[in-house]
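The residues making up each chain are set out below.
There are 2 protein chains.
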Amino acid sequence: MSTLAVPGSVPSPIEDCEQLRKAFAGWGTNEQLIISILAHRNAGQRKSILKTYHETYGEDLLKDLQKELSSDFERALLLWTLDPSERDAVLANESAKKWNASNRVLVEIACARTSAQLFSVRQAYHARYKKSLEEDVAFHTKDDFRKLLLPLVTAYRYEGPEVNMTLAKTEAKILHEKIKGKAYSDDEIIRILTTRSKAQLGATFNHYNNDFGHPINKDLKVDPENDFLATLRATIRCLTGPDKYMEKVLRLAINKTGTDEGALTRVVVTRAEVDMKLIMDEYYKRNSVPLDKAIAKDTSGDYKDFLLHLLGHGSS
Amino acid sequence: MSTLAVPGSVPSPIEDCEQLRKAFAGWGTNEQLIISILAHRNAGQRKSILKTYHETYGEDLLKDLQKELSSDFERALLLWTLDPSERDAVLANESAKKWNASNRVLVEIACARTSAQLFSVRQAYHARYKKSLEEDVAFHTKDDFRKLLLPLVTAYRYEGPEVNMTLAKTEAKILHEKIKGKAYSDDEIIRILTTRSKAQLGATFNHYNNDFGHPINKDLKVDPENDFLATLRATIRCLTGPDKYMEKVLRLAINKTGTDEGALTRVVVTRAEVDMKLIMDEYYKRNSVPLDKAIAKDTSGDYKDFLLHLLGHGSS
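As they're listed, the protein sequences go chains A and B. Going by the numbering used here, the first residue of the first sequence is number 247, and it counts up by one from there. Going by the numbering used here, the first residue of the second sequence is number 247, and it counts up by one from there.
Keep in mind the hints are simulated off the structure, nothing from the lab. Among the hints, erroneous ones may be present.
One copy or any two copies: either way a pair holds, since identical chains are not told apart in the list.
Unchecked claim - Computed list of lysine-lysine pairs in DSSO-like fashion (alpha-carbon distance at most 27 Å, straight line):
1) 415 <-> 523
2) 444 <-> 393
3) 539 <-> 426
4) 268 <-> 309
5) 531 <-> 424
As the structure is a prediction and not an experimental result, all values here were calculated from the model.
Could you build the full structure based on these sequences and the hints that come with them?
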């Protein structure tokens, strides 16, 4: 489901590093050479390149890239080159520190990753920031948002396929009652959404739809201005259908006056190696335009080229 | 700081298993032989014995022990033989399912373990119970207790030595204001206690004591009947001085009409390999009686012998 195109025969990390040094050498930078390497290596291969670069040249590849590149292309390439857990730690840190009610990045990281991946992010956060992810999330958020986000980012959900149908029915009813009573941040809603496994929640939301006649997210869409409701909906969508959720983020990032490069970059770099094919299918279904065409129309230069390479263009 | 006495030359797991089979064979059980082996092997060695036993005899050593032994001795030996993370998962599960306001086991597991150990418990919980620890804790607790216990059991605290003294001063002040206003379950108290590192909290509690003239736990001791206050105090003690906390649990377990075997067993098996020497020193300082003497006076039979072996008696 990844769109990453890794060549059949991958050069050794030493060769890749030599090419990157060439791309940095002399006047100007050879951005196309950088893209042709880094946009076509998977997480393990990029890790080896970072390590080899440091061992060979005694320097940090990420810092060298930072010196050579600029603006949206720089940010996209740096985020991409990072190990996925470190990347999420960086995104979570930025998001926690500049937190505002319309920011959904923490929800994405908490809900659209596996339990083991989310725990890796917490480990990377310790190493990088000398504190815990939850410490920053708790410090920078408050009230209902803290009440929801803190258990989301600290969750370690069970991931087995077991589903308790009786429980699903009971908890669908609890959710419905609370939502009907407009008690959107009720302890029970938070408890169910933040602790149950994705499989269990899938069954609960099915019951909700069958027993009460609407998808739960429809009942949470009563006030488009309410950011807490939007955060609840994002939580549910990231837990149950991250590809559909990401399609919507891309759609909103592209189809507006002025592109939202932050969101566009984030979704492409975090999903290219995960489920970007599904997101592209979903995008086409929803918009009748291929995602790569839409991105190409809305971006330019090396930034555009890089994103398109991550979407499968220029495969070697 | 462990009191575990492992012989200089340890028999192979195969030899240990053979001896255990002998102890089970024929009429009656040779409890002393079982104790002489299992009470003198560390966690890694016990794990090898469990594995070897299963490979050699196709049976589960824990189940065989269960068949051969009974009552307090059985429970103590089974808990001891388990891998520490599995043991904590079992204790946490029992505690969550039969949760009541005077139960402090979840606090002990959440606060008197390292961050990595607590995460291991959550992994063991998935494997054993096919759900998450937080799922059960959230389901079986409520109100203020849930508000405190859920972030405690899901914490992955930073463990570096870094301390922010300005923050410690600010947060000591926040704690003091909330406690003065009797807002014991205020979001800010919960946030500070459940997310800050142990080093940071140590600095915060020092500031509290210096700036406001009392240890924080003294200010939380206004109502001896209030179980939530007692839980807050236990949290603070397990985070900052688990040996002193455990000494108190033992003291209360022994020095009452009828021993509290549940607490006695739990503390001895969970701390023998951790800090039991410190707990024994603390006990002697506080009670002018050695802990092993006090336990010997209050218990009997194989149960007594087993606990004393874990406390360093009968070293080979």
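Provide an ascending list of the numbers of those earlier hints which the structure does not satisfy. Numbers 1, 3, 5, in rising order.
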